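Engineer: The lines below spell out each chain.
2 protein chains.
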Amino acid sequence: MSTSESPVTWIMLAVNESTIRGYPHASISSRGAFEWTLQKIVRSNASGFKLLFLHVQVPDEDGFDDMDSIYASPEDFKNMKNRDRARGLHLLEFFVTRCHEIGVACESWIKKGDPKEVICLEVKRIQPDLLILGSRGLGPFQRVFVGTVSEFCVKHAECPVVTIKRRSDETPQDPVDD
Amino acid sequence: MSTSESPVTWIMLAVNESTIRGYPHASISSRGAFEWTLQKIVRSNASGFKLLFLHVQVPDEDGFDDMDSIYASPEDFKNMKNRDRARGLHLLEFFVTRCHEIGVACESWIKKGDPKEVICLEVKRIQPDLLILGSRGLGPFQRVFVGTVSEFCVKHAECPVVTIKRRSDETPQDPVDD
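Line by line, the protein sequences give chains A and B. All residue numbers for the first sequence refer to our numbering, where the first residue is 545 and numbers rise by one. All residue numbers for the second sequence refer to our numbering, where the first residue is 545 and numbers rise by one.
If you are wondering where the hints come from, they were derived from the structure by calculation, not from laboratory data. A couple of the hints might just be wrong.
Note that identical chains are pooled: a pair holds if it fits in a single copy or bridges any two copies.
Here are the simulated lysine to any residue pairs, SDA-like style, with alpha carbons at most 20 Å apart [unchecked claim]:
(1) Lys594 with Thr581
(2) Lys709 with Phe696
(3) Lys668 with Ser712
(4) Lys699 with Ser679
(5) Lys709 with Pro719
(6) Lys699 with Lys709
(7) Lys622 with Glu579
(8) Lys655 with Asn626
(9) Lys709 with Gly681
(10) Lys668 with Asp713
Nothing here was measured: the structure is a model prediction, and the numbers come from that model.
Modelling step: build the complete structure from the supplied sequences, incorporating the hints.
Structural biologist: Written as structure tokens, this is what we have:
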């Protein structure tokens, strides 16, 4: 039997920004999930895979740093939107650049909304073979307050999902940070 | 960057018997998870992976067909145990034979006990990179009565877990069958 002729495996990775490392770094768990995908799944078979990077921006959260800004004209809003877009693009650039170095095909794009819902909608639309999510690996007590995207997607995404927990030696002092 | 030198990716697959196709067929969901692993993950890169097949036999369930048998001597129990062992080996043979055809390294073994607990214990012992489980994809109502091994393992196994739902066109008349 030959498996070499089957179509390329599409792996979707949802990635987000770090809460601590300063912009535009990827979160620890996003990077971990990405590195795991390369090392354990893609390995040396770059031509067999296509990676699809989805970054979901939460509108409120992204504007939070700008609390002291004054918005007086439609132009201000346009500038803000351009800034958001630039932030998202910088984040995605990290992943796309790495993929090009390795020679694995990829696509990346930005959506706005509630990450868990947007991820599931994008899975439905694109139908990847596998969705890979980084996770902070929070305990049940912490989860009550912060919720987890991965738990929701494992239940609701219409494709197989694998959650990659953050390595314990990479957990920041406050485990809610990432 | 080269990913070709990283150690082989160990993928554990927990497999069980079909409830309908007659012995020693693998269950629909086990076969589905296996085929998915070959087509979507291993692909043509057979040398990058090692598949670990674990078959957990439930002691009560396996003896159920023998309700009319009479056990009168220690020899009877030995025969029964040998029969169980033969059943498990036949099941594993299917997967091991396929792996040899494709040229992917594999190991397989049998354990007795509660599947969900044994799977998690074996993950702890062997530390695979990924655990892949077939799932019947039952709805919440059906799950109340039959429980699901995959749901337990997603929560408790100490490695990334991916659940492969049975294809809808392969679902038997009674979805609890497999």
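Engineer: Going through the earlier hints one by one, which of them does the structure break, listed in rising order?
Structural biologist: Failing hint: just 7.
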